[in-house]
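Asker: Chain residues, written in single-letter form:
2 protein chains.
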Amino acid sequence: MPQLRRDPVTREWVIIAAERSRRPSDFKVGEEMRGKSVFSPTCPFCPGNELMTPGEVLGYRWSSPTSNTPGWAVRAVPNKFPALQVEGEFDRTGYGMYDMMSGIGAHEVIIECPEHDKTLTDVSLDQAELVFKSYQDRCKDLSQDSRFKYIMVFRNQGRVAGASLEHAHSQLIALPMVPRNVIEKMEGAARYYEFRERCVYCDMIKQETSYGERVVCENEQFIAFCPFASKYPFETWVAPKLHRRNFVQESKQNIRLFAALVQETLQRITLCLPSTAYNFTLHTSPINQDIDKDFHWHLSIMPRLTVNAGFEMGTGIHINVTSPEDAAKYLRSTSIFDELV
Amino acid sequence: MPQLRRDPVTREWVIIAAERSRRPSDFKVGEEMRGKSVFSPTCPFCPGNELMTPGEVLGYRWSSPTSNTPGWAVRAVPNKFPALQVEGEFDRTGYGMYDMMSGIGAHEVIIECPEHDKTLTDVSLDQAELVFKSYQDRCKDLSQDSRFKYIMVFRNQGRVAGASLEHAHSQLIALPMVPRNVIEKMEGAARYYEFRERCVYCDMIKQETSYGERVVCENEQFIAFCPFASKYPFETWVAPKLHRRNFVQESKQNIRLFAALVQETLQRITLCLPSTAYNFTLHTSPINQDIDKDFHWHLSIMPRLTVNAGFEMGTGIHINVTSPEDAAKYLRSTSIFDELV
Chain E
1 MPQLRRDPVT
11 REWVIIAAER
21 SRRPSDFKVG
31 EEMRGKSVFS
41 PTCPFCPGNE
51 LMTPGEVLGY
61 RWSSPTSNTP
71 GWAVRAVPNK
81 FPALQVEGEF
91 DRTGYGMYDM
101 MSGIGAHEVI
111 IECPEHDKTL
121 TDVSLDQAEL
131 VFKSYQDRCK
141 DLSQDSRFKY
151 IMVFRNQGRV
161 AGASLEHAHS
171 QLIALPMVPR
181 NVIEKMEGAA
191 RYYEFRERCV
201 YCDMIKQETS
211 YGERVVCENE
221 QFIAFCPFAS
231 KYPFETWVAP
241 KLHRRNFVQE
251 SKQNIRLFAA
261 LVQETLQRIT
271 LCLPSTAYNF
281 TLHTSPINQD
291 IDKDFHWHLS
301 IMPRLTVNAG
311 FEMGTGIHIN
321 VTSPEDAAKY
331 LRSTSIFDEL
341 V
Chain B
1 MPQLRRDPVT
11 REWVIIAAER
21 SRRPSDFKVG
31 EEMRGKSVFS
41 PTCPFCPGNE
51 LMTPGEVLGY
61 RWSSPTSNTP
71 GWAVRAVPNK
81 FPALQVEGEF
91 DRTGYGMYDM
101 MSGIGAHEVI
111 IECPEHDKTL
121 TDVSLDQAEL
131 VFKSYQDRCK
141 DLSQDSRFKY
151 IMVFRNQGRV
161 AGASLEHAHS
171 QLIALPMVPR
181 NVIEKMEGAA
191 RYYEFRERCV
201 YCDMIKQETS
211 YGERVVCENE
221 QFIAFCPFAS
231 KYPFETWVAP
241 KLHRRNFVQE
251 SKQNIRLFAA
261 LVQETLQRIT
271 LCLPSTAYNF
281 TLHTSPINQD
291 IDKDFHWHLS
301 IMPRLTVNAG
311 FEMGTGIHIN
321 VTSPEDAAKY
331 LRSTSIFDEL
341 V
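Chain order of the listed sequences is E and B. Each residue of the first sequence is one higher than the last, beginning at 1 in the working numbering. Each residue of the second sequence is one higher than the last, beginning at 1 in the working numbering.
Extracted from the complex, chain E is given alone in its bound form:
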């Protein structure tokens, strides 16, 4: 029998459609991996092509000290076709009965490694750590602009997940308001706190640890699990085990542990569902707020195995064809160490 499950934070219902249950091999995955080479002459993210992008706002360099030249390990640049624009006045106006504001914001690309043929899943741990450190550094820098109220860091892997360039990269968008999904998570956490005087994410992590059935992997500081009300097959969250509201304030040691667990999770997903497209989104606290509400930061990884259709778009209710218990079982039982050695 199918189940309706509710996200304990946002109160969104999800249909876990048992009748349609899908194993990893039931999904058509794998975008063509057209034999990528380490360098692509036409790729704006490859070393040597630095002038094909806007000037860099961050560069971790192991040789050349000169910006916008080769010799970098991670590089961040403004998006050439930004969804929002840094320059201009922030202005709210009406238009008849409607409300609008000027599209002020920042839209940046983080180029994760110089090699054209690598992804975040298969770079070294040192390199992955640098990528997450660059998220912190860019967020810290952008937070100094008081017009910005939220920074969403995200990653699109594969064409069906919305990636338009194949060279490994993440993106961030700084917004002049706190987006609705974040408000819902904060309000849901506050509602739970009011009722129980505990953090809803801490409780979730405790229950997941004790039940075990939805846990994928963990280390000293972080846990990866498939959430009870997963919207997508094989959706996996990575969160700090202890209560911490802000990703940006994580220590260097913790960022390394986080990078290690994210890489392990992505490797497990990739082994279960070869070269599947996915998105990940980093959920952390808003910035430049009067009231600094509590939160528990986490990363959501969402493989793109099914297509949202009219029902999801009309109702906001997702139909998930793989239960999170099954997904976690498959991801757990993948022997990444055997296969990756």
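You may find that some hints are simply not true.
[Unchecked claim] Covered stretches of chain E (in silico footprint by chain B; criterion: 3 or more residues with CB under 8 Å from a CB of chain B, positions within the stretch not fixed):
| hint | region |
| --- | --- |
| 1 | 2–13 |
| 2 | 82–93 |
| 3 | 167–181 |
Everything labelled a hint here was simulated from the structure, so no lab data went into it. Don't be surprised by glycine CBs; every beta carbon is placed ideally from N, CA and C.
Keeping the supplied structure of chain E fixed, place chain B upon it in accordance with the hints.
Answerer: The following block gives chain B in isolation, referenced to the frame of chain E:
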């Protein structure tokens, strides 16, 4: 400069990304139309294959009076792989800190015409009218089951819009609760009413009619327009001009006028964006509620031209690369009568 626009009902923000502005010819559209024929021997929705589907719950027949045999114009059957299940007890339970309920509901398919090679866009007006009449009849019948609180009727056209069978069909899912998107629309409409003592949709239609820039087409009773805060390029709503809360209560004459305007809108979309995939969703009042809140029913048509990526999934904010003013201009200026004659 990009704009942030707010939906006056749900208060969702949308980014209208002017810098990325796209005309119809900039989109890669057109799924392969592999020369479909009027009958497909393996299609469960073709006449003669009636026993390949669960037994019909509705059949408008012009010849044979026998169920589940050829001779029908429109036919509705339970979905063979339902997301929710009609049989069983409705049960809410907890699971540790989580909430769930049994997946009770109905999931039906409406086969829109006997011909395998037609779509809702190109069937006769008589046939399109029958399709919308069948929505009414199935909704009326399912409303008698007091376990159901909402019925979402939707249509997925094309593979990228989630259609798994190509024979023209709509679907409906009856739910044991009112979904979140519907609650948000009802609450938003109630909030607006409290402030202005007018229906927000009526005000929207008045503004659109008077400004004209987002109107696509209209007839005596219905109007099609691209909403001010369109989430998707070429998103178009079709709504009754006068305040009416419930699709199911529309008269036969109005259903015909509605069918005509939906067909005209879909024809305009198809001419601008040849064989593009799309979804539509019918937003009407909940059923079996104690408090019958007010609403203004409408149909949302959402072409699938871009892919939701990490940013949309993480924030709930859509980036729309074609302004609704541009979209309406293209749709308006398409000469459907010239091209269709």
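Asker: Run every hint past the structure and note whether it holds.
Answerer: Okay, the hints, checked on the actual structure:
| no. | hint | in the structure |
| --- | --- | --- |
| 1 | 2–13 | holds (count 9) |
| 2 | 82–93 | holds (count 5) |
| 3 | 167–181 | holds (count 8) |
Hint violations for this structure: none, all hints satisfied.
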